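A.B. asks: Each chain, letter by letter, is given below.
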Amino acid sequence: GDSVTQMEGPVTLSEEAFLTINCTYTATGYPSLFWYVQYPGEGLQLLLKATKADDKGSNKGFEATYRKETTSFHLEKGSVQVSDSAVYFCALSSANTGNQFYFGTGTSLTVIP
Amino acid sequence: GAGVSQSPSNKVTEKGKDVELRCDPISGHTALYWYRQRLGQGLEFLIYFQGNSAPDKSGLPSDRFSAERTGESVSTLTIQRTQQEDSAVYLCASSPTGPGRTQYFGPGTRLLVL
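Heads up: the protein sequence lines correspond to chains C and A, in order.
Going left to right, the first sequence walks through residues 1 to 113 as our numbering numbers them.
Going left to right, the second sequence walks through residues 114 to 227 as our numbering numbers them.
Derived by calculation from the structure, the hints in this document are not laboratory data.
Values in this document were obtained by computation on a predicted structure and should not be read as measured data.
Quick reminder that beta carbons are idealized off the backbone N, C-alpha and C, glycines included.
One thing to keep in mind: the hints can contain errors.
[Stated by the list, open to error] Among the chain A residues that face chain C by a calculated CB cut under 8 angstroms, a handful are:
| # | residue |
| --- | --- |
| 1 | S175 |
| 2 | R177 |
| 3 | L204 |
| 4 | G213 |
[Stated by the list, open to error] Anything over 10 angstroms on all C-beta distances counts as not near chain C; from chain A, calculated:
| # | residue |
| --- | --- |
| 5 | A115 |
| 6 | L134 |
| 7 | A144 |
| 8 | L156 |
| 9 | Q163 |
| 10 | D169 |
| 11 | F178 |
| 12 | S179 |
| 13 | T210 |
| 14 | R214 |
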């Protein structure tokens, strides 16, 4: 079945460091891919998404490119800030599975000054 | 417009009691999802409603858990004979129909079973 595998955490970075959080997926069709973020004490919110191959989602300095050839959707940011400390979830949704969502296990990021 | 709302925001109950959690999705969203998130853990899928189709209940952990949805509006998640391992945040999300549609999450209900 469809699934998402996400880089294990926790990740600790210094401010202004480069961030990559890996995400790969398995899907029978052509899923849409998402990154959600959960800031401390808050609910999940959409960070960015891509709905077809080679699309790049971007928001708040974060980017992720939908790579069909490597079945990946890695999250990147060139220069992290303390305020980026949160848990990041990769997810997919596919019409083949009735638009059910499948989430990764989450990666905790802590950015230190 | 209004987002997904959930009530209560916090619930403390005694082991063995029943609890009912409520979710009000965004108006017009045909899909509604329930998840459980234990402390420091990822999202655990519970149940998924899509329009008038039969719900996908494959994530419900036991027969103590059930959920209903009235048309395309409010949903209730019921946990009977609560156990301490049921303590978690219960998250509801809704989305419009169609591929690539974003899920919008509510703030969650934090359940503590003593």
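A.B. asks: Provide an ascending list of the numbers of those earlier hints which the structure does not satisfy.
C.D. replies: 1, 2, 7, 8, 9, 10, 13, 14
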